[in-house]
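2 protein chains.
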Amino acid sequence: MARITPLSGFPEWLPDGRVVEQHVLDVLRRTFELHGFAGIETRAVEPLDQLLRKGETSKEVYVLHRLQAEDEEDATAPRSEKQLGLHFDLTVPFARYVLENAGRLAFPFKRYQIQKVWRGERPQDGRFREFTQADIDVVGAGELPYHYEVELPLVMAEALGALRDVGVPAVRVLVNNRKVAEGFYRGLGIEDVEGVLRQIDKLDKIGAEQVAALLVSEQGATAQQAGACLDLAAISGSDATVVSRVRALADEHGAGTELLDEGLGELAALIEAAAARAPGVVVADLKIARGLDYYTGSVYETVLVGHEDLGSICSGGRYDTLASDGKNTYPGVGLSVGVSRLVSRLLSAGLLAATRGVPTSVLVAVSDEESRATSDAVAAALRARGIPADVAPTAAKFGKQIKFADRRGIPFVWFPGEEHQVKDIRTGDQVAADPAVWAPPAEDLHPRVVPAV
Amino acid sequence: MARITPLSGFPEWLPDGRVVEQHVLDVLRRTFELHGFAGIETRAVEPLDQLLRKGETSKEVYVLHRLQAEDEEDATAPRSEKQLGLHFDLTVPFARYVLENAGRLAFPFKRYQIQKVWRGERPQDGRFREFTQADIDVVGAGELPYHYEVELPLVMAEALGALRDVGVPAVRVLVNNRKVAEGFYRGLGIEDVEGVLRQIDKLDKIGAEQVAALLVSEQGATAQQAGACLDLAAISGSDATVVSRVRALADEHGAGTELLDEGLGELAALIEAAAARAPGVVVADLKIARGLDYYTGSVYETVLVGHEDLGSICSGGRYDTLASDGKNTYPGVGLSVGVSRLVSRLLSAGLLAATRGVPTSVLVAVSDEESRATSDAVAAALRARGIPADVAPTAAKFGKQIKFADRRGIPFVWFPGEEHQVKDIRTGDQVAADPAVWAPPAEDLHPRVVPAV
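Protein sequence lines correspond, in order, to chains C and E.
Using this note's numbering, read the first sequence as starting at 1 and increasing by one per residue.
Using this note's numbering, read the second sequence as starting at 1 and increasing by one per residue.
Okay, chain C solo, but in the shape it has when bound (with noise of 0.2 Å):
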């Protein structure tokens, strides 16, 4: 058990529980990196009325106050605009990054970015107070061709493929669109599409029944709409027939409209390309609400096969005002892996391990203190060939500092003297070495992230 957490919904992890993480955090950029996109972090504040603007209070802002300013002030006195909050993600704040430098960056602007977010709600598993997210956007200005609605999920889809091989398992990312969803609910002549939303989300808790009674009872639906809406949530699929499916529902129920047509074209192309690029991954969920009400074209969530309960581990969707200055719109497609809530689980549910906690693959040991700087020197040797090595605290017996190498799962312990020697102290071979040659087997080189046998 890598994990403590005496401060509850605050997860810190001990040095192999973070060899994990930095993994993951590793993997994640570089497939990044490799797709073209520039990192950058922004301040992890932002102006309470900014955090605010979409009515968000679900997501409890911690507020910041400065302690000594609190002293001297009323602390009752009326929010000023200046006060600052933490931001509770990374999209809040991308926008207002966007804006405030627009004239300085090139668009469509690629970014991802890596930090930590703060929400104070109540802990539970998987959801903490403070947790890291890996945000991968594109946002152009005025305008964003729809492949990039195609190309975001599947970048994800490969990072976390990337992390298959030490033992994370297959994700698998659900799709949707709000404009197949709002085009079909319209076609029926429903006018409250964000209320029937709100309902549809209910399905996995209250299930298809009672969903139904709501749309009737507080949507005003008729039964035969009601119907429809659950029909259209039940239909999921990796290939093409989930789109001829919609269509021939919305032939039967003549709710057809041009909005559908273009969602179901969109659609087709994700499941398409998807299918191509990375079988299996990608699945059209019609029942995915979430979101709904603020993306404007896909919807994206992803769970971990075989841990499904964990909920999404990387959503998002595409907004076609990420951010506006009055003058220009900024839309915007993207999305956010729960860094936290995934290593959490891979390390609660034991699903994979760090070889050690230390990076260090060689201790070097020390005969006695006055020939601490030779010891120091074999260190430096092998540092300066990229071979991450200590040198023993004090010149214990070197059973002693053997064990010390071995509490930490330090692969190597070397001796040195006229002829420097080597132990490998997993097997006790021990062999005759020249600092400036030998090196560890590559897979001792570094900590490794590998798969619970």
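Think of the hints as simulated: they come from the structure by calculation, not from any bench.
None of the values given here were measured: they were computed from a predicted structure.
Each hint should be verified, as a subset may be incorrect.
[Stated by the list, open to error] Covered by chain E, according to a simulated footprint, are these stretches of chain C (three or more residues, beta-carbon under 8 Å): (1) 9-20; (2) 36-42; (3) 85-98; (4) 102-114; (5) 202-210; (6) 370-377.
[Claimed, not checked] Derived CB-CB ranges, DEER-like: (7) C:E443 - E:P279: 28 to 38 Å; (8) E:E369 - C:D251: 21 to 31 Å; (9) C:A349 - E:P47: 23 to 33 Å; (10) E:K397 - C:R247: 49 to 59 Å; (11) C:Q124 - E:A275: 52 to 62 Å; (12) E:D251 - C:P6: 36 to 46 Å; (13) E:G417 - C:G220: 53 to 63 Å; (14) E:K397 - C:K327: 24 to 34 Å.
A virtual CB, placed ideally from N, CA and C, is assigned to each residue, including glycine.
Since chain C is already given, all that's left is putting chain E on it; use the hints.
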């Protein structure tokens, strides 16, 4: 100018500035890992009573309130023990982490930690409200050998020295030792050691004459004692004569003590090792007083040569009690790089620059939207061999697509076709190429940081 600071004290970088910062962070991390430091992260918040334990109100802690709690509760109610603040350094959270996990860590425990910290101070040049620190510390259980006080500043000197080739100026690590100052003062018959250190700390600001006057008027020193303190503070150098000069001064004033001898022995060991391992970098400077009130042995400050006005970019020292839980005491020694302060100066002084702000090495052109999949396949083939590639956003005229690459500093544009071609847009050279084989020159593969010409 890569710097933009619309919220004073909260620096953000444009993508090319972030390339520089990321390079600095990568080099620090690599050096720390080569020396066997394990990476950890701690949560951003600590209980307020922990943050204020040392009476550090001068650090201007940011206190957190949940927005909804604010509405619910009486904001003027006395602070509860659970009230949280943002950490103002990485030492306080590390000490807490050590105590919390003492049973699960192996001591001496070497860790590095690279995170943001927050201080609600008035922003100035090089002084921010949010900034990144990169810390290394070694902490022992009960005891910690002196040689770590030699090792750690040399690790930092190596890490910062590894940045020389991208244009970071040389650093000078200034060292002093609490035992030398205290041993000498006590030998002179001075009791108020902290008081004298506070006055000595003003030397650079108000000069020797005024400090001497203050030592007499405030600390009750005799003129002779004050003169001796100033003579000690005037000693500096990077070889063993520093030690003999201090000893001669002590003899002259009959100020020899066991503590002074111990301190001089330590200082001599540090100077000697530094002269061998990092010639010219470490300088003993007996006027360094900052931090000597809480450090108990060595103390370090680091200036960027030619940018001494910036102040220290890497400070630290030895604590006999980094942490204590009543039963056990954990001595430690560590240093902290002010990454934001360093990067801010590197960028604002134009000392270096990124070769480009995007990771992309190759832009794959698109002839028409129908053949986008062909361009995607070329990009995928390049990425599979570790070459960062992007695909043009639209099938615009090739001239426009080349301009797209040029604006971002992307060196190569790929034209798919029956015979693929790739153009170096800097030289105009265009050659036939195979996506499964061709690679850019190593220096064009990733953005690099290069010294300003």
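- Indicate whether the distance between the beta carbons of C:A349 and E:P47 respects the range 23 to 33 Å. Since the Cβ atoms of C:A349 and E:P47 sit about 30 Å apart, the hinted range of 23 to 33 Å holds.
- Message: Taking 52 to 62 Å as the stated bounds, is the beta-carbon spacing between C:Q124 and E:A275 within them?
- Response: holds, 57 Å
- Pairwise beta carbon distance, E:G417 to C:G220, judged against the given window 53 to 63 Å: Given a distance of about 58 Å, which is inside 53 to 63 Å, the answer is holds.
- Query: Is it true that E:K397 and C:K327 lie within 24 to 34 Å of each other by Cβ?
  - Reply: With a Cβ separation near 27 Å, E:K397 and C:K327 satisfy 24 to 34 Å, so the hint holds.
- Item | Cβ distance range 49 to 59 Å for E:K397 and C:R247, holds or violated | violated, 37 Å
- Per the coverage rule (Cβ-Cβ under 8 Å, at least three residues), is the stretch 370-377 of chain C covered by chain E? holds (count 3)
- Message: Please check whether the stretch 85-98 of chain C has three or more residues whose CB lies within less than 8 Å of a CB on chain E.
- Response: The restraint on the stretch 85-98 of chain C holds, since 3 of its residues have a Cβ under 8 Å from chain E and three suffice.
- Task: Quick one: see if chain E covers the stretch 36-42 of chain C, three-plus residues with Cβ-Cβ under 8 Å.
- Result: holds (count 7)
- Range agreement (Cβ of C:D251 with Cβ of E:E369, hint 21 to 31 Å): At 29 Å between Cβs, range holds.
- Message: For the hint 36 to 46 Å, verify it against the beta carbon of E:D251 and that of C:P6.
- Response: At 54 Å between Cβs, range violated.
- Query: the stretch 102-114 of chain C covered by chain E? Criterion: 3 or more residues, Cβ-Cβ distance below 8 Å.
  - Reply: holds (count 6)
- Task: Using the Cβ atoms, figure out if C:E443 sits within 28 to 38 Å of E:P279.
- Result: holds, 37 Å
In the structure shown, a violation is registered for the earlier hints numbered 5, 10, 12, in ascending order.
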